[in-house]
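S.K.: Protein sequence lines, in the order shown, are assigned to chains A and B.
The opening residue of the first sequence carries number 1 in the UniProt record's numbering; numbering runs sequentially from there.
The opening residue of the second sequence carries number 1 in the UniProt record's numbering; numbering runs sequentially from there.
What the hints contain is simulated information worked out from the structure, not anything from laboratory work.
All clues given are correct.
Partial list, computed: chain A residues near chain B (C-beta under 10 angstroms): (1) R84; (2) L85; (3) A90; (4) S93; (5) N97; (6) F99; (7) S112; (8) S114; (9) R157; (10) T161.
Over the 10 angstroms line for every Cβ pair with chain B, so calculated as not near, a few chain A residues: (11) N16; (12) I187; (13) Q202.
Please read all numbers here as calculations on a predicted model, not as lab measurements.
Every residue, glycine too, gets a C-beta built ideally from N, C-alpha and C.
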Amino acid sequence: MDSEKHTSERNALEANEISAGYGEAQVLRDLSFELQEGEILSIVGPNGAGKTTLMRVLMGLIGPTNGSVRLYGDQITDLPAHERLGHGLALVSEERNLFREMSVKENLVMGSYSERGKNRGERLERVFDLFPRLEERQDQHAGTLSGGEAQMLAIGRSLMTDIRILMLDEPSLGLAPKLVPELFDKIREINDDGISIVLVEQRAQEALQLADSGCLLENGAIVHRGAAAEMLDDEDVIEKYLGGA
Amino acid sequence: MVVSIEQLVFIVGNGLIFGSILALVAVGLSLIFGVLDVPNFAQGEFASVTGFVIVGLVGLGIGLVPSIIAGIVFAFVAGVAVERLVISKFYGRDEFLLLTFFATFGITIISENVLRQMFGGFRQIPGPDIGSIVVAGTSVNLLRPAAGAIAVGMLIGLYIFTRYTYMGLAMRAVADDRRGAEMIGVNYERIYMLTFGIGAVLTGISGVLYGMLFTLSPTSGVALTAFAFTIVVVGGVGSFFGTILASLLIGLVDSFTATMVGSRWRFFAIFAVLFIVLVLRPEGLRGGST
Chain A
1 MDSEKHTSER
11 NALEANEISA
21 GYGEAQVLRD
31 LSFELQEGEI
41 LSIVGPNGAG
51 KTTLMRVLMG
61 LIGPTNGSVR
71 LYGDQITDLP
81 AHERLGHGLA
91 LVSEERNLFR
101 EMSVKENLVM
111 GSYSERGKNR
121 GERLERVFDL
131 FPRLEERQDQ
141 HAGTLSGGEA
151 QMLAIGRSLM
161 TDIRILMLDE
171 PSLGLAPKLV
181 PELFDKIREI
191 NDDGISIVLV
201 EQRAQEALQL
211 ADSGCLLENG
221 AIVHRGAAAE
231 MLDDEDVIEK
241 YLGGA
Chain B
1 MVVSIEQLVF
11 IVGNGLIFGS
21 ILALVAVGLS
31 LIFGVLDVPN
41 FAQGEFASVT
51 GFVIVGLVGL
61 GIGLVPSIIA
71 GIVFAFVAGV
81 AVERLVISKF
91 YGRDEFLLLT
101 FFATFGITII
111 SENVLRQMFG
121 GFRQIPGPDI
131 GSIVVAGTSV
141 NLLRPAAGAI
151 AVGMLIGLYI
161 FTRYTYMGLA
171 MRAVADDRRG
181 AEMIGVNYER
191 IYMLTFGIGA
201 VLTGISGVLY
211 GMLFTLSPTS
221 GVALTAFAFT
231 IVVVGGVGSF
241 FGTILASLLI
251 GLVDSFTATM
261 VGSRWRFFAI
271 FAVLFIVLVL
281 RPEGLRGGST
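Take the sequences, apply the hints, and build the full model.
M.R.: Here it is as structure tokens:
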């Protein structure tokens, strides 16, 4: 770890030999990785590699058929999704799962549900600082937001409680390309506040440039892992996954 | 057909009062459908059962107020019990809508027959005597406008509850996107249970008011269910204000028909309203908005 940023050696999140799928179809096979506290880990790979399934398993929305998930060393494999947030783990899903019929403000207020509004004003201010656009649109229905604004709201909602790990599933999906660097800057900012990040992306190059370490996911298994900077220099990785750039 | 001013006051007054009582049944139905996707065919039973529980308790010599409180507590418990013992068995099953429709239909049949066995025919909850006033030459028992005011107060209370409390917001959130609610820490099964309890209480209160102003019979429940389904469709599924608007409209149409045409035409008139709305505005009066 030669990054100038301080990342401790403690594992924030750990997946051990996870297998999972839907019915007969097995999507993940013996998948393992660790997220170190304070780092940004990018999980990149082609469409259909199992990235979204992995996120669902980690959040507890579906159960693995095998393997275990640990959060700061604690076994959480059987913990239901709604209790994982209380342990500091949050997911911004690919679909975003906003409350479309509710206002932007109500969505954010609901973000503080698990702590019943503890420090709500303070956190709301922090979210509005990070995404001033949301403050302008706070009375609008979430269903009327643009793709970029909806993504800001989904991230903002997850920051309304005291989280330690934020998992982002394809946050750049549906965003105008010129908005992507701005979004990645925000992710960096959130990380600078001490929140460890798991970033799942199809935009492999940009995601690895932002990250401390990376994993390549292919056909439900991790085929390569290492420091993000090294992966960006690895001829083999570049050729196979980064479009030979 | 000439309507005198006295008749008009009577028709409109009764229609609005009956409409606001119906709104409590319809909003309960709409809440449960919105959050759980259950087309609760037993919704009206929460009204008749609550009403008869109070009739029974008063008959045992228990005071009116404690009987009403006990009846409302019973409604909540009954709602939670229906969700826990019946509806929850179908979570995650295919054909959830159809299964729960038939299951709640079964509950209606059981409830109706139990009430018939225990109470026989028509009964009334003896309302308190709070005096009367003279409006347009007619003496009006103050209990009637008071009942309407209580119903309206409950609806306002529900509105505030779903906008400004975490539990109310969580209900709307689960109705909107269950996954999203789960990810921000909402235990949706608990919300399902509470929604059923609260929906049953709203409708149970309508049963109390209905039982004081009109007469309860074992078939009152299924009649109120029919009213409520009609109202929810006329108002636009999922729209709170649409449901209230439709309740008042149906109340007025019912009152007019009963007074001017004849009681046996009531359901004909109401389904005629449903038919007209479905032809002209299939999404309901306020469909698509909240």
